[in-house]
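Novice: Position 295 (the sequence shown) corresponds to 295 in UniProt numbering; numbering is contiguous.
Hints should not be assumed to be uniformly reliable.
If you anchor each label on the Cβ, the simulated ranges turn out as follows [unchecked claim]:
#1 T247 x S306: 17 to 23 Å
#2 R263 x I223: 56 to 62 Å
#3 Q234 x W204: 41 to 47 Å
#4 K210 x W184: 37 to 43 Å
Just so you know, the hints here were simulated from the structure itself, not pulled from any lab data. The beta-carbon is built from N, C-alpha and C at its ideal position, and this holds for glycine as well.
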Amino acid sequence: MYSPLYSFTPFDLFGQQHIHQQPSWYFQQSQPEEYLFPEHIATQPSLYRYPMMQPRHCHSQQPGKCYVLPSRHPGPLAREFLSPRSTTGYMDIEESQQPFEVRPGWSEDEQSSDSEQDVDLGQPAFTSSQSTHSGTQQVNERSRSRKRSHDTLKPQQPHKKRSGKEKRRDRKSKKTHRKETKRWKEAVQQFRYNRAVKLIQRQWRLYQQKRREEASRKIVGFIHARLEIRQAQQVLQHLRQLRSFETELDLTHERQAPRVFKRPLKFASDSTPESIKIPPVKENQCYLGYEDALLRLLMRIDGVDSIGSDIVRHARKSLVNKTQSLLDQLDEFKKSQYSTLVTSRN
Numbered sequence: 001m002y003s004p005l006y007s008f009t010p011f012d013l014f015g016q017q018h019i020h021q022q023p024s025w026y027f028q029q030s031q032p033e034e035y036l037f038p039e040h041i042a043t044q045p046s047l048y049r050y051p052m053m054q055p056r057h058c059h060s061q062q063p064g065k066c067y068v069l070p071s072r073h074p075g076p077l078a079r080e081f082l083s084p085r086s087t088t089g090y091m092d093i094e095e096s097q098q099p100f101e102v103r104p105g106w107s108e109d110e111q112s113s114d115s116e117q118d119v120d121l122g123q124p125a126f127t128s129s130q131s132t133h134s135g136t137q138q139v140n141e142r143s144r145s146r147k148r149s150h151d152t153l154k155p156q157q158p159h160k161k162r163s164g165k166e167k168r169r170d171r172k173s174k175k176t177h178r179k180e181t182k183r184w185k186e187a188v189q190q191f192r193y194n195r196a197v198k199l200i201q202r203q204w205r206l207y208q209q210k211r212r213e214e215a216s217r218k219i220v221g222f223i224h225a226r227l228e229i230r231q232a233q234q235v236l237q238h239l240r241q242l243r244s245f246e247t248e249l250d251l252t253h254e255r256q257a258p259r260v261f262k263r264p265l266k267f268a269s270d271s272t273p274e275s276i277k278i279p280p281v282k283e284n285q286c287y288l289g290y291e292d293a294l295l296r297l298l299m300r301i302d303g304v305d306s307i308g309s310d311i312v313r314h315a316r317k318s319l320v321n322k323t324q325s326l327l328d329q330l331d332e333f334k335k336s337q338y339s340t341l342v343t344s345r346n
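Could you put the whole structure together from the sequences, leaning on the hints where they help?
Specialist: Structure (structure tokens):
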């Protein structure tokens with residue numbers, strides 16, 4: 001009976017291949033006798049993921065043939081079994097260790113004959129004392145059949161020497177394998193190179209784009225800075241111009257104001273208090289010259305553009321107010337002179 005615990009060939013056991021990871025309850029339901037009796041309990045459960053039973057052999061319909069399940073204790077391996085082409089090995093038997101023949105596959109007839117030895121899984125385990133007694137009898141019968149089958153094992157076959165054709169075929173297959181391995185390694189290496197080149201190119205493009213963006217930002221910043229510098233230069237120039245006008249105003253007031261306010265004015269005959277007229281005569285020359293200088297300077301001050309700067313606007317406004325105050329003083333002096341003239345006539 002073949003257990004689902006052994007889902008590989010006997011060679012897979014020694015090759016340490018992967019075991020099908022089925023839950024333990026599945027195997028307990030499918031093979032209850034392996035878990036109900038100590039004879040079928042694995043002696044070293046730490047070697048595999050799930051508990052495994054002791055090796056058993058089953059007779060086939062062909063005389064002299066025996067199928068052996070893999071064992072946790074395979075015993076010492078023969079020299080022939082260590083060869084990759086060997087199909088023989090040793091198994092543990094209670095009396096002694098004998099070589100056996102391994103057959104990885106079964107036919108349908110052999111499976112049907114082996115399935116006759118299986119336990120009826122439809123009956124639950126430990127239903128009654130009778131079922132337990134029948135299970136014990138089955139175990140005893142299998143142990144006796146195991147002892148009897150020891151005589152039916154075939155002796156170990158001598159190792160056959162390989163022919164030259166087989167050796168050439170092996171060399172050719174190895175050479176082909178080496179070529180395929182080399183081609184595969186070259187393809188992998190080429191893939192790595194291509195991926196590295198693409199990564200480097202992408203990083204280089206990103207770096208170039210970043211540099212272009214930084215250069216454009218610097219150019220824009222430089223332009224903005226130049227505009228700000230130009231605007232600052234214009235503001236400074238206008239402030240200097242207003243400063244020069246203020247200096248000129250102070251000089252004009254300092255030079256001409258004393259002479260204007262010391263000499264009396266001469267008015268026209270048709271003058272009235274609402275419109276006082278001062279004719280251009282020698283007596284009024286200082287007054288008219290001072291007034292004309294202030295008016296011209298006021299027009300020049302008004303012609304200065306503020307260019308959106310509050311500093312220029314404030315400086316210009318203050319200078320205009322100062323010039324206007326001097327003109328107001330001239331008007332007050334003119335009115336006072338006319339009122340004095342009118343009073344003296346009366």
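Novice: If a hint holds in the structure, say so; if it does not, say that too.
Specialist: For each hint, the structure was consulted:
The given range of 17 to 23 Å is respected by T247 and S306, whose C-beta atoms sit roughly 20 Å from each other. As the Cβ distance of R263 to I223 is approximately 60 Å, the hint placing it in 56 to 62 Å holds. The given range of 41 to 47 Å is respected by Q234 and W204, whose C-beta atoms sit roughly 45 Å from each other. Checked against the given bound of 37 to 43 Å, the beta carbons of K210 and W184, roughly 39 Å apart, stay inside it.
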